[in-house]
Amino acid sequence: MIKKIFTLTSLLLFNMSFSQQTPGDEQTNKILINNCFVHIGNGEIIEDGAVGFSEGKITYVGKSISNDSINEKFNVINARGKHLYPGFIAVNSTLGLVEIDAVRASRDQDEIGDFLPHIRSLVAYNAESKIIESVRPNGVLIAQVTPRGGVISGKSSIMQMDAWNWEDAVIKSDEGIHLNWPSPYSIDYRNRKLTKNKNYLKSVKLIDNFFSESKVSIKQSPLNIPYESMKKIFDGSQTLYLHANYEKQIVDGVSFLKSKKIKNIVLIHGEESENQIDFLKKHEIPVVISKPHRLPLSEDQDLNYPYKLAKTLVDGGLLVSIDLAGSMERIHTRNLPFFAGTFSAFGLEKEEALKLITYNAAKILKIDKNYGSIVKGKSATLILSDGDALDMRSNNISHAYIDGRKISLETHQTKLWNRYQNKYKKQ
Amino acid sequence: MRKLIFFTFLGIGILKAQVYFPENSGVKIVPNTYNAFTNATIHLEPGNVIKNGTLLEKNGVIVDVGTDIKLPKNTIVHDKSGKHIYPSFIELFSDFSIKKPTKKNRYGRSEQFNPDRSGYYWNDHILSEYKSITDYSYDKKIASKMRGYGFGIINSHRFNGIHRGSGVLIALNDKQNNNKRIISDNSTEHFSFKKSVTSNQSYPSSIMGAMALIRQFYYDSKWYSNNDNQTKDLSIEAFIKNKNIPKIFDSGFDKLNTIRIVKLINELNIDFTIVASGKEFENINELNKDKIKLILPLNLPKAFDVSDPLLTKKISLKDMRFWSQAPSNPYHVSRSKIPFAFTSSMVSSSKEFFKNLRKVISYGLDRDIALKALTTVPAEILGQQNIIGKLKKKFLANFLVTNGELFENGTIISENWVQGQPHIILNDNIKDIDGNYELIINDFKYKLQIKNSKKKITAEIKKDSTTYPVKSNYENEWLNLTILDKKNNKYSQLSCKIDSNRLQGKGIDFEGKIVYWSTKKLKDNPKKRKIDNENYYNPVPVTYPNKAYGNLSIPKQKNTIFKNATVWTNESEGIIENTDVLVINGKIASVGKNIPYPKNTFVIDATNKHLTSGIIDEHSHIAASSINEGGQNSSAEVSIGDVIDPDDINIFRNLSGGVTTIQILHGSANPIGGKSAIINLKWGESIENMKFKDADPFIKFALGENVKQSNWESYSRFPQTRMGVEQVFTDYFQRAKEYGDKWVKYNEIPLRKKLKAKPPRYDLEMETIWEILKGERFVTCHSYVQSEINMMMKVAEKFDFKINTFTHILEGYKVADKMKKHGAGGSTFSDWWSYKFEVKDAIPHNGSIMHDSGVLVAFNSDDPEMSRRLNQEAAKAVKYGGVSEEEAWKFVTLNPAKLLHIENSVGSIKVNKNADLVLWSSHPMSIYSRAEKTMIQGAIYYSSDKINKMLETNKKERSLLISQMLDVASKGNKTETPVIITKKEFHCETLDY
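As they're listed, the protein sequences go chains X and D.
Residues 1 to 427, numbered by this note's numbering, are exactly what the first sequence covers, in order.
Residues 1 to 993, numbered by this note's numbering, are exactly what the second sequence covers, in order.
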């Protein structure tokens, strides 16, 4: 099926000279996707359901509609047996900031300096990245684009994946600040040794100073831009993303932020959050856990610990999503649905696993008013898959929409595929 | 140090020079006096003790020893009643008195390929001509410390280099000079796997490179000695000259290095004595008992400081266990009959030395064997068993005087005689005056307490409730006490010569008047016997491997039937449902519906489950201690087979993902890499048992950015472009061809004439490349872009061989037709791309295009994480490119088997093939599927249902060990702050140094 679509589109001969797919046009006609499994994203599923949308907004969610009663104005897609999902959301990603890992000139993710709340990811976001287009055919349509490095890395923004430029792409700009909590251990990478970090308290003190200065600094000349950039953290209009793995980091970091009266805190990575579930629950901290495709932290750890963590945290009553950071993080963004699938293979019910990359992600990023679930009135950001999209065996996306705009599922890679298939066909 | 008080015995401490040395400071005295040590318990050698014995010495040599010995007239008699006399100890592994090598500075990032020196071997890390004596300067301070341990002789060498040169045998004789002390200036040859710090020559940059270098040096020395050489090589000449002196190989206290040295012993037939790891109990059966001798470290791991629970959690079970098991290592080695000596080189004090000796004895080591390990065994290793190590006629008069059995708690070495010269460690002649006394001065009565009189005396004087501070001094048999009356700013001084049991004497009182004073000894407080506080704890059991997830015994073959499974045969039968597979003696015996099976067959109900052959990863870097020998642009002489790490936890993790066979490839740091190893993931087995039996040999080649060193700012090594890469290969193949021709010619010489003919130089690197040209070794070539892939095939064709497999091959889809024509297979990633410039055009449809073009395609991992879910990666061949599920599954099973030429025994479910099987909970390519059982040759190495129990057992063991460590700490013993060491994760680019 998918093969046919690609062959068809290749026959249309999209302009081969452009690396990026041309962004889809605004939705003008009404569309009804009928007779499919509708995965709402919030844990619910409508078997044999239908979804209608116009002008970019969802207008109907419910049982499938018989052909006779369909309003003529709708373009109907008969999707019998297919699965409809909200577009998947990648949290803590660096999409668009780096193109080729080994090429320094293409790396824009990590600015020098330690305290950089004024650094903004969105201005470096390359809307025409070939990697961005490669994640869409697997269902990833929205990403939180986040700078890396330093103690405070900078500000992230939420982008949608089909745009002419960063201004077009942005869903929510400068929505949060990323704080990398110092490690209580120091790691000697050369000798693979881990010991207590003797400078731990010193590092924490530096953070404390920065927060204190920021809190009291006032808008006057000379203006301290870094301190000024922290203001919205204190009033709660921006989120503080706390990047921490170890138990001690988690407890110290959250306690610190609470003592500074930070309202919106999200924990990122949370490798050892399993041991602090009650603490996190008490403080209502959502956790964006590291992707499951990683090795256990130590040779003694449960072989399947990285796969099981989501289930443990969800059962503990936490709001959980999936973090993309790690080796080859950008190219693996297209495996986001399979990360959720892995969490499902190790305990989470399928719709719960789906929530991690849809409803929960939107809620954590505070874009749930419009995105993350298939609900009347929300943005028509949807994907239609031939089968279960969380399993690579059946993830075959035939249609994808962002705000009602139908987007191309072609990529730099499918073009090369077609080109060489044709070469050999002719031989 | 305080307790080590030295002084010279009158009469026998005078320095006596060599007889032929001129004497200008007086009249010449020629030593000819005898010393006799009488009435002692003499331990002639381990296991041979005489009571009331006499030892007669003259000029540093034992004249006689026994019970009935006539003493010559000119004998000084030392009465040693109540004392024990032992032969003093011999240390083999030390850099005592040798100047530390000066580290050579390194400038810039570029590697150094050429040696710094000339006239010697081409590699600066072979320092066979170096003699440690040239950097020798007798270190009295360390000598006295070592005598405190009981050592009389040290064999010392400079710790520098792979061949470290020769050592020097030194007696710890402070009283005489080097003429006497140096027993041999060329006592031993020393080896290690560590490069010298005195040169920055980059080769070898790995352990496998060091092994290859040692082999090549050995072959070169053979060849050199058979040829009339036009050129000189002083390193080889030194090695040839030292052929018969003992050789000691330092493993760096590493268990796997120890096995590697055993391998070299067997290959080269060199009699290395191995400085071992202290972990021999883990794999004692792999050490060849008949051929090896060991030097065991006597340091023992300290208990960890477990007071920080968060940090404690990070200590691995393996490290905790080592604390529990290490003390029993010497016992286990002794049981296996392997001769061994002890080294104190990692021990920091004599207290620790004896504490550890007593500890290993309490963990089962026989006392006589312990004594042998310090005396006769090191003497034999040195080939000096006729003069040292025992108390025997004509042996050196090197002996210890103790107050009891050597290994008893509380035994103290009081004298250490070296070459007949006394060295006093603890002066027995000082009278112990510790105790409580009633002190009477001018009819006033005080209480006097004296403590620690044999070392550093302290005293205290009390009257009623007043305590007077006392300054005390006790030396040369005189006791002086100064008593201060601070309140009245007065003092009194008392002194006496200690010659009877009473303390009494003269002094001045607080008023300055001369007084006589006396004492009455009060009843002694019961003396607390000092005991070692660390208790004996039963060592926790050893598992295979000895870490988390290890088994108490290695899994065994079991006749098994899988009943009613969906069987992915990878054969013409395809995927068949409701089928049984019977395994007998490790082989697949039959496949079919309701097949009969013998009694006692283990039955596994596989209803609703899928059974496949094991996954084969063609490109892996797990289970190895090093991956790249990047020191030169060709390293064909090195072999991953030399550096397999059978204990890597990733083996078990891979089993949990259904992987049964992997090829461990050399990395991609250079165009011609090293030989690879194909292993079965038999978790817990020895290295040799893991190796795939009778597999064809392979070698890794590499092209592109890595071999050009594009991404690590090194600009000096050829090649720096893809143009140069072609020439590297052409050059090596041409040379290998010519090399081969020479040998063919030589081998054709009839036997009669062969004796006269000189064989060509044996070159390990050329041998390997020649094997490729002969079609005896096969190439897996790391490659990315189409130009280089094409080039490699053309170079191979020019030299008339085929590239067996292109690995990575991410642009294989661009030249699939050419690959098909050449006959090369492709082993690729499912969906990796964009991590470097040369993979910008990588597409996930690559596998499917190559497959459709008739190329044999596999998916590999090159990654310890991805390798444990290669089943899911196979599904991506279906998703991207529409390969059928049945064919896609072969991408990770049958096709890699074919690429590795092992498809006759593995890769499909077929009668008579090895029973390498995986039982999956559901469709094997689904993300929801899990491997439930992984079987290799009929033995189940992984069972998902046993994991929870294993975790539970580990948890219990940890808490037991933690409680023991807390116990140790509570008794006031020192503990160690945890340092957690994790294993390096290897990829193609990972370098060792």
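Source of the hints: derived by calculation from the structure; they are not laboratory data.
Keep in mind that this is a model prediction, so the values were computed, not measured.
C-beta: ideal position from N, C-alpha, C; glycine also.
Treat the hints loosely; a few may be bogus.
[What the hints assert, rightly or not] Selected chain D positions facing chain X (Cβ under 10 Å, derived; list incomplete):
1. Ile29
2. Lys318
3. Met346
4. Val347
5. Ser710
6. Asp841
The hints, checked one at a time:
1. Hint status for Ile29/D relative to chain X: violated, with the closest Cβ pair at about 58 Å, above 10 Å.
2. Taken as an interface hint, Lys318/D checks out: its beta carbon lies about 7 Å from the nearest beta carbon of chain X, inside 10 Å.
3. Interface restraint check: Met346/D against chain X, minimum CB-CB distance 18 Å, threshold 10 Å, status violated.
4. With 10 Å as the threshold, the beta carbon of Val347/D stays out of range of chain X, its nearest partner Cβ sitting at about 22 Å, so the hint is violated.
5. With its C-beta approaching chain X no nearer than about 8 Å, Ser710/D sits inside the 10 Å limit, and its interface hint holds.
6. About 6 Å separates the beta-carbon of Asp841/D from the nearest beta-carbon of chain X, less than 10 Å, and the hint is met.
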